[in-house]
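Chemist: Sequence:
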Amino acid sequence: GAAEFGGGIDPNSTSAGVIALRTTAAAVVGGTASELAGGSFANGAWSAAFQQLFNEAETAAERARFERLRRESGVSFVRGKDGTVYLIFPDGTVEVRSGGSVSWRNNNPGNVRLGSMNSPVRDFAIGQNEGFAVFSVESIGREALAALLHADYKGLTINQAIAKFAPPTENNTAAYQSFIRSTVRVSGSTNIDSLNGAQFNGVMDAIQKEEGWHVGRIQLWNIGALP
Numbered sequence: 001g002a003a004e005f006g007g008g009i010d011p012n013s014t015s016a017g018v019i020a021l022r023t024t025a026a027a028v029v030g031g032t033a034s035e036l037a038g039g040s041f042a043n044g045a046w047s048a049a050f051q052q053l054f055n056e057a058e059t060a061a062e063r064a065r066f067e068r069l070r071r072e073s074g075v076s077f078v079r080g081k082d083g084t085v086y087l088i089f090p091d092g093t094v095e096v097r098s099g100g101s102v103s104w105r106n107n108n109p110g111n112v113r114l115g116s117m118n119s120p121v122r123d124f125a126i127g128q129n130e131g132f133a134v135f136s137v138e139s140i141g142r143e144a145l146a147a148l149l150h151a152d153y154k155g156l157t158i159n160q161a162i163a164k165f166a167p168p169t170e171n172n173t174a175a176y177q178s179f180i181r182s183t184v185r186v187s188g189s190t191n192i193d194s195l196n197g198a199q200f201n202g203v204m205d206a207i208q209k210e211e212g213w214h215v216g217r218i219q220l221w222n223i224g225a226l227p
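Numbering (the working numbering), first residue to last: 1 to 227.
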């Protein structure tokens, strides 16, 4: 069940849940997922492993994404029902991110969404979780935020940009604008394109804070040795 994938797990455990996660992750990061899914994994370990994670899925969309894990290699992620995010890296490392804020678990400082097919965020994200984009590391999430601001907010003033980024239907936009202005020490009429590097980074830092970034717990597992 979901509780089995919570914090404090021994990655060397022989419990069915942990073995399932390690086996699935190894198949994905090793680039052998498609072969295993194709039926050449005679002992059935892949089927058991995938089914365990498939059962963890909360939605049909999440389950469809799990299906793609069987055909893809590279960085992937799995979300447990308790909100824990498991980032699976090509070198066999599983980064378990629990607690903290959704933005932190997703490595998404700006809480940005995937957006349309033309959104620059899609050039950086590895998927989405709880409605927001997921990135392999925080620095890439920050790059995505910068790319989004440069592409979709070009020509806007600070106040206009924040009104678009954090609309009143979802946020206290006036308070958000005030926080950005006071933190970066610019007026609301300042064009975002005119910001120097330090000011632009200041805007991103302020957005990260305003979006509720809160650090949780990280556990690193090595799945190199499978049972």
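Hints are computed from structural coordinates only; laboratory data are not their basis.
Among the hints, a few may not be true.
Cross-link-like lysine-lysine pairs, in silico, PhoX-like; alpha carbons within 25 Å at most [what the hints assert, rightly or not]:
1) K154 to K164
2) K209 to K154
3) K164 to K209
Label pairs and their calculated CB-CB ranges [as the list claims (entries may be wrong)]:
4) E143 to S194: 40 to 46 Å
5) N222 to A174: 18 to 24 Å
6) N171 to T93: 34 to 40 Å
7) H150 to M117: 15 to 21 Å
From a predicted model like this one, the values you see are computed outputs, not experimental measurements.
C-beta: ideal position from N, C-alpha, C; glycine also.
Chemist: Take the hints in turn and mark each one as holding or not.
Modeler: Going down the list of hints, with the structure as the test:
Using a Cα cut-off of 25 Å, the hinted pair K154 and K164 holds, with the two alpha carbons roughly 12 Å apart. Of the supplied pair hints, the one linking K209 and K154 holds, its CA atoms being roughly 22 Å apart against a limit of 25 Å. In summary, the hint linking K164 to K209 is supported, as the alpha carbons are separated by about 18 Å, within the 25 Å threshold. Between E143 and S194 the beta carbons are some 21 Å apart, a value that contradicts the proposed interval 40 to 46 Å.
In this structure the hint that N222 and A174 lie 18 to 24 Å apart at CB is violated, the actual value being about 48 Å. Judged by the Cβ atoms, the range 34 to 40 Å given for N171 and T93 holds: they are separated by roughly 35 Å. Between H150 and M117 the C-beta distance comes to about 18 Å, which sits within the given range of 15 to 21 Å.
The structure shown violates the earlier hints numbered 4 and 5.
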